[in-house]
Amino acid sequence: MNLDRNFFAQIGLDSGALTMLGAVIHSFGEPGEYRGVVRRATEPEAAFYVSADKNSPVAQVNIDLATLAQPSNTSGKCCGPAEANRFVVNPKGHVLFHVSGGEGGYSVHLRKAEEATDTKIYDSRELGEGDVFSAIIIRPGTYSVTNLLNKAKGEIRVSYPRLGKAAYHPPAPRIVGCTARAIEPNQIALSPGQGLNFQIKVRARIKIELVKPDDGPKRASQPVVRGWKKPTLLAEQGTNFVH
Amino acid sequence: MNDITIAASANAFTQLFNAVRDNFHVSKSDSGNFGPFSASYSVALHLAGGSVQLNNDNTVEVKDVDIVFDTLKVTVCFKIPGWCVGGFCIVPDPWNGCLVSFPGFCVPPGAGTTICAPLDLSGLVSEISDLKARLVPQYFVDPARLPGWSDLDAEFNGHSNQWRIFLDPVWVHVDPIDIPATVANLFENLVKDAINNLIPSWVPGWARDLLWALIGPIVDLIKSIIGIVGEINEWLSDLLGNVFDLLGFIETAVADYFASKNPLYSFEDPFPILDGGGGLIPVKIPIRDLAAEVNTKEMIVLANVGA
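Protein sequences appear in the order of chains A and B. The opening position of the first sequence corresponds to residue 1 in my numbering, with each subsequent residue numbered one higher. The opening position of the second sequence corresponds to residue 1 in my numbering, with each subsequent residue numbered one higher.
Derived from the structure by calculation, the hints contain no laboratory data. Take the hints with a grain of salt, since some may be wrong.
Said to hold, decoys possible - Listed next, the in silico SDA-like pairs over lysine to any residue satisfying Cα-Cα at most 20 Å (straight line):
1) A:Lys165 to B:Lys132
2) A:Lys92 to B:Pro94
3) A:Lys165 to B:Pro94
4) B:Lys192 to B:Cys77
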């Protein structure tokens with residue numbers, strides 16, 4: 001079975017460096033043609049275009065940054081982006097940036113396509129009011145959550161999965177507010193795989209870090225097998241008998 | 001009045017039946033795709049035991065013959081869905097719907113992975129609950145006998161014609177294959193092992209525990225994927241007996257075997273009454289109008305001496 005190691009290896013989350021288990025939701029608010037750049041660290045990886053069209057019925061468009069950053073989507077483009085790099089959404093709708101696989105670490109720059117000196121640039125490393133950072137934490141343990149831009153802190157505890165009488169379905173997501181002074185609530189109890197929606201009300205970059213892992217109940221050591229066993233004969237051990 | 005009358009007691013008849021019964025061996029294999037799952041089986045079986053009763057209405061009734069499955073291997077394969085998280089709502093709409101939702105993740109991505117559970121039920125015993133038959137004599141012309149041969153030529157070459165008495169079944173009832181409830185545990189463990197083998201060794205313990213929690217009880221998983229309503233052992237019995245029609249196959253094979261494959265008794269025609277030797281040829285009499293019947297005490301074979 002082909003499993004993406006990143007799914008289990010990426011324990012922390014950062015809204016400014018998206019990986020598989022995080023997503024940023026942004027609304028344009030006003031119509032227009034927008035040009036976006038997918039970045040990993042400071043390096044641009046791919047470009048894309050979004051039409052915020054008030055005639056569009058699309059309320060949500062998912063933009064997979066991992067797919068955009070694939071070499072097949074970025075090489076050999078001499079004359080503008082391919083259709084796969086174009087998206088349409090209603091200006092009152094939402095764009096959801098996510099990572100479908102791989103290492104991730106992506107952020108997004110967005111600006112109106114028509115260059116102007118007063119063009120406002122949206123940088124997903126600095127979320128603004130109305131944005132949502134959505135996260136899933138699957139590794140049990142205690143985490144710190146910090147808004148790196150105002151140092152507001154909180155704590156997340158993710159419980160250990162238990163085999164129940166029915167298949168486990170993560171409960172409904174928790175909603176967390178990121179205000180000027182705090183992360184509210186600042187003590188968050190989660191089940192593994194449960195969603196966490198940070199509603200951004202101030203400038204924010206949310207970072208979630210594992211502080212103390214929970215590896216669950218200690219597994220029993222190998223049971224001692226009881227019973228009688230035929231003793232090894234000396235001859236089988238290579239001893240020579242003299243008759 | 002017949003020229004020849006031969007009788008075999010009920011005990012002797014039982015011995016004849018037992019000899020024929022012990023020679024019965026059949027095997028079969030098959031496979032099929034049934035939508036949410038596929039299955040295959042291979043079976044080899046023989047008969048043992050049973051009680052024989054001769055009736056005054058010229059019928060023979062055999063009861064409680066064991067069907068011993070020397071080989072009964074069943075493999076059930078089905079696709080397990082991926083383990084999924086995400087898909088929750090991020091921005092709800094005012095009408096209890098959802099405007100924006102988190103894309104779900106499934107591992108493995110795609111439609112899932114096929115796993116197979118190979119069940120070895122060899123040694124299982126079922127039963128022919130009832131077999132009712134009549135005696136039917138048949139005249140057998142050896143196909144290897146050349147047209148120009150005399151009866152003596154045929155005897156010298158080992159290709160004499162024969163009278164054969166078969167047990168021609170009127171009905172054969174085979175009981176449903178009684179698969180013990182413990183097989184459900186065996187099936188469950190095989191599925192569990194198959195899933196465990198799918199999970200790479202590098203997956204950490206906490207992630208394995210999360211995957212198992214998402215899967216839930218294996219019995220529920222099996223039942224929901226395959227669509228089993230009752231117990232797993234009863235479903236397996238139905239799959240083999242009715243879906244693959246193994247019961248029908250056994251009933252037909254048993255009926256065909258007793259009716260035409262292996263006679264209860266056979267003897268040469270012409271029948272040797274004095275062996276040859278010392279320059280003399282054997283003395284043989286032609287048998288005609290052979291009939292076989294039973295009553296509660298014995299089997300009676302009647303015949304005339306022909307020309």
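For a C-alpha distance cap of 20 Å, please report whether Lys165 (chain A) and Pro94 (chain B) respect it. 34 Å, violated
Does Lys165 (chain A) pair with Lys132 (chain B) here, judged by a C-alpha cut-off of 20 Å?
50 Å, violated
Practice prompt. Take a quick look at whether Lys192 (chain B) and Cys77 (chain B) sit within 20 Å of each other, Cα to Cα.
Written response: Satisfied, since the Cα-Cα distance of roughly 13 Å is no more than 20 Å.
Against the 20 Å threshold, does the CA-CA distance of Lys92 (chain A) and Pro94 (chain B) hold or violate the hint? 15 Å, holds
Consistency note: the structure conflicts with the earlier hints numbered 1, 3.
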